[in-house]
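2 protein chains.
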Amino acid sequence: MKPEEFRTAAHALVDWIADYRERIPDLPVQSRVKPGDVAGMLPTSAPVAPESFDAVLRDLDRVVVPGITQVQHPSFFGWFPSNATLSSVLGDFATAGLGALGITWQSAPSLTEVEEVVVGWLRELTGLPESWRGVIQDTASTACLVALLAARERATDYSETRGGLQAEPAPMTVYTTEYAHSSIPKAVALAGFGADNLRVVATDPWTRAMLPEALAEAVAADVADGRRPVAVVVNVGTTGTTAVDPLAEIVPIAREHGMWVHVDAAMAGSALLLPEMRGLVAGLDGADSLTWNPHKWMGAVLDCSLMYVADPQHLVRVMATGPSYLRSAVDGEVTQFKDWGIPLGRRFRALKLWFQLRLDGVEAIQARLRRDLANARALAEQVEAAEGWRVLAPVALQTVVLRHEPRAWVAPDGDVLDGAALDAHTLAWVDEVNSSGAAFITPAKLDGRWSVRVSIGAEPTTSDDVAALWHLLRTTAERD
Amino acid sequence: MKPEEFRTAAHALVDWIADYRERIPDLPVQSRVKPGDVAGMLPTSAPVAPESFDAVLRDLDRVVVPGITQVQHPSFFGWFPSNATLSSVLGDFATAGLGALGITWQSAPSLTEVEEVVVGWLRELTGLPESWRGVIQDTASTACLVALLAARERATDYSETRGGLQAEPAPMTVYTTEYAHSSIPKAVALAGFGADNLRVVATDPWTRAMLPEALAEAVAADVADGRRPVAVVVNVGTTGTTAVDPLAEIVPIAREHGMWVHVDAAMAGSALLLPEMRGLVAGLDGADSLTWNPHKWMGAVLDCSLMYVADPQHLVRVMATGPSYLRSAVDGEVTQFKDWGIPLGRRFRALKLWFQLRLDGVEAIQARLRRDLANARALAEQVEAAEGWRVLAPVALQTVVLRHEPRAWVAPDGDVLDGAALDAHTLAWVDEVNSSGAAFITPAKLDGRWSVRVSIGAEPTTSDDVAALWHLLRTTAERD
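The listed protein sequences correspond, in order, to chains A and B. Going by the numbering used here, the first sequence opens with residue 12, and the numbers climb by one from there. Going by the numbering used here, the second sequence opens with residue 12, and the numbers climb by one from there.
Source of the hints: derived by calculation from the structure; they are not laboratory data. A virtual CB, placed ideally from N, CA and C, is assigned to each residue, including glycine. Treat the hints with caution; some may be incorrect.
Stretch-level coverage of chain B by chain A, calculated; a stretch enters the list once three of its residues show a Cβ under 8 Å from a Cβ in chain A [said to hold, decoys possible]:
| no. | stretch |
| --- | --- |
| 1 | 26 to 32 |
| 2 | 124 to 137 |
| 3 | 154 to 165 |
| 4 | 183 to 197 |
| 5 | 310 to 321 |
| 6 | 338 to 347 |
| 7 | 444 to 457 |
Now the in silico label distances, taken between C-beta atoms and shown as ranges [what the hints assert, rightly or not]:
| no. | chain 1 | residue 1 | chain 2 | residue 2 | range |
| --- | --- | --- | --- | --- | --- |
| 8 | A | SER339 | B | PRO417 | 23 to 29 Å |
| 9 | A | ARG338 | B | GLU287 | 33 to 39 Å |
| 10 | B | ASP236 | A | ASP442 | 55 to 61 Å |
| 11 | A | GLY138 | B | ALA60 | 17 to 23 Å |
| 12 | A | GLY343 | B | ALA60 | 35 to 41 Å |
| 13 | A | ALA206 | B | ALA259 | 48 to 54 Å |
| 14 | A | ASP37 | B | THR172 | 45 to 51 Å |
| 15 | A | GLU135 | B | ASP236 | 40 to 46 Å |
| 16 | B | ARG388 | A | ASP37 | 55 to 61 Å |
| 17 | A | ALA259 | B | VAL341 | 42 to 48 Å |
| 18 | A | GLU189 | B | PRO216 | 54 to 60 Å |
| 19 | A | ALA259 | B | ALA60 | 32 to 38 Å |
Produce the entire structure from the sequences given, and follow the hints as far as they go.
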């Protein structure tokens, strides 16, 4: 496609995107398509001859949009916020338009250096240690795997250069809680530690936060059994209830045994943009790595996960490659981000952060985050005050975990009298809410029973939207 | 940012991108900035208040563009082509504008199903086995790691569910050649096999292709020593010389030992769009996985790597997660791509392929690839015919590996008389070419000496551009 054809088509696409964003509030939040509906609308083979851009644009409306659960909708309260702010979309568009290739510093010096600077800005804005350095990974899943690989290799004095993990004598163990994100046990598995060597440390029954004394005991028991504790994944803002493990108490235990401390703050990291929330990661100075996702609450369009490390050499020693065709005269003076993660080829991801921070400004982002925290607290208070409703976990961030608990099945003190009936009721009214298209919330199991996560923080969500949601929840659940 | 502000800014950005693409031929191909130049132009802290879009746009010209080696330039002959066709840029822009969240089928059914369909189109277009299924990964580096993790787990009857790799008795071995991409030994290291268990199989001195009998011997020796051969990475189009390992002869050896066969066709995969080039992967039916990168020669903007597998259950068994908050009623009926790779959150990457195939049409893409193959053959013929020049490897694809060999240092039969002088000469004239800004080529070591890779295939590169390059190479190298 020539630049002039692109110009015409892209202007049309800009208008389509702006129109689409404007009409999102009128769309059902949850996609209503059935399995196979979308695929069934597409031809079985690729087109031999070019189609018009109009035809493609029409298919965005006909095929694509109905098949999307609208996470940019003001009444999206599901999973976690997944904001794609239009300022960051502009940056992402510039990334694609430039078509730069990030393989070495030389291939695109500005890709590397803008990333260094902007990731540095965000380090400062979130109050992370000045000496730490950061890199953009695709997701927190990958970042956690990278951290565990670095931990594994540091603990084995770089076994990858010899016989690998399979030649290691004593088994290595990794610690986290049952509330860790599913990507944590997955990373433990992929890194080769094995499920038997993942320790699920006990948590406080109300806060769901790791109990440091339980960690200390688990570590001591493994050491006594001849195992090697090598890493602890500290959850700051779990997916289920945004539980916050006590980092400051965990770090000394880990350091005593030379363990790698990885902080998974995928969701909570955005909150660190607010100075008053920095207590979430008190004690970070003694940790090794932290990851958070600007592509969640802050609003950089997917995929954009920040990974900060106390010492990048632990990544470089594990990940570096140096084929002759990638060498240059400046190799010693520059950062080679290819050596900080798994992929060689990297997108110019920093542009979406750079654009968003500059076009929105930090104050406006902070104001939005504070709005969401206040909305969550206000909702929690209303839920607490409502007959037959219960808040099931502390509201540490912007997510309220709640349940409608009719007295037939739950005693006033919270004792569940008929769990099966309660679960059926919960799933039924959540499905009714989601099927209505008016709002989207996520059912999740908590202590073995279905609960409901209301995760506030979509960019356009106001207090009115939260009030409307609460009205919808009450009328739906209480009617059933 | 509101949709109306976005509309205004995005229209300006469209024109900026179209103008930029038009003026790329006038830019120096290799970026001339020095380490720290780009970072030095940026403020040390993020802006508190919003800046104007004009200011950001000016910085694309002032800060970003000078710091990019112009891989979209008609005289870019470096590394491998990294085309970002404007048709695919439109698709990528739609991806960002939609802001969809790919975590489960439910979160964006069209993200999953368009990916299934378009990846299926490309399976058909490249002649891969009908029963194979595909997924988009970020890069071939990640895809190879995923393949080796799947191989590791299949070979250990899923050790990740027990004691992990560290509990496995006999060491497992992996096979490839010295010409494998740097991501292959990296993946071996990350997967925990250890460098000692990576077998570098002997190759033919001219084709640099794996010698099947050497593979058979290496495997037999490991088996005799009590090791377990678990995987072979077959290189179809190496980075150095686009060497092609003989898949059809490798597969039977691998199958005899139950080894996983992963085909790394990162570059060569685009050529499979041409029916006459399918011989590159003859014998694929017995392999387990193949990866190729539409973000290289074909031209889908970074990052977009296709990974096809004979049986996706081998990925799912290793990668699947199922937290309660991601469950839905249709889980059994749909594809969950989160279980086919490392990240949970995925971009709607299929749109850039869908847009490119529809807007360009397959015939035009094929014609461009054939143009590049013809240009490479023509260049190789001219090099061969020129006094003092030599083509150093078969031209299997679109890359010509060559050297200027003055008679003072190289005998007419190719015997290098003074290697140090020859290397100094090669690096000097390549640096002169690249520093001129007129073209960009990549020096690379081959058989211990510096050679020059001329990798043809940037989207705008015509036979005139190749002729101009050849003239530039001659005048530069022969003058020195």
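A quick look at each hint next to the structure:
no. : hint                            : verdict
1   : 26 to 32                        : holds (count 7)
2   : 124 to 137                      : holds (count 10)
3   : 154 to 165                      : holds (count 3)
4   : 183 to 197                      : holds (count 6)
5   : 310 to 321                      : holds (count 3)
6   : 338 to 347                      : holds (count 3)
7   : 444 to 457                      : holds (count 4)
8   : A:SER339 / B:PRO417: 23 to 29 Å : 25 Å, holds
9   : A:ARG338 / B:GLU287: 33 to 39 Å : 35 Å, holds
10  : B:ASP236 / A:ASP442: 55 to 61 Å : 59 Å, holds
11  : A:GLY138 / B:ALA60: 17 to 23 Å  : 20 Å, holds
12  : A:GLY343 / B:ALA60: 35 to 41 Å  : 39 Å, holds
13  : A:ALA206 / B:ALA259: 48 to 54 Å : 39 Å, violated
14  : A:ASP37 / B:THR172: 45 to 51 Å  : 47 Å, holds
15  : A:GLU135 / B:ASP236: 40 to 46 Å : 54 Å, violated
16  : B:ARG388 / A:ASP37: 55 to 61 Å  : 57 Å, holds
17  : A:ALA259 / B:VAL341: 42 to 48 Å : 43 Å, holds
18  : A:GLU189 / B:PRO216: 54 to 60 Å : 57 Å, holds
19  : A:ALA259 / B:ALA60: 32 to 38 Å  : 34 Å, holds
Violated hints for the displayed structure, listed by number in ascending order: 13, 15.
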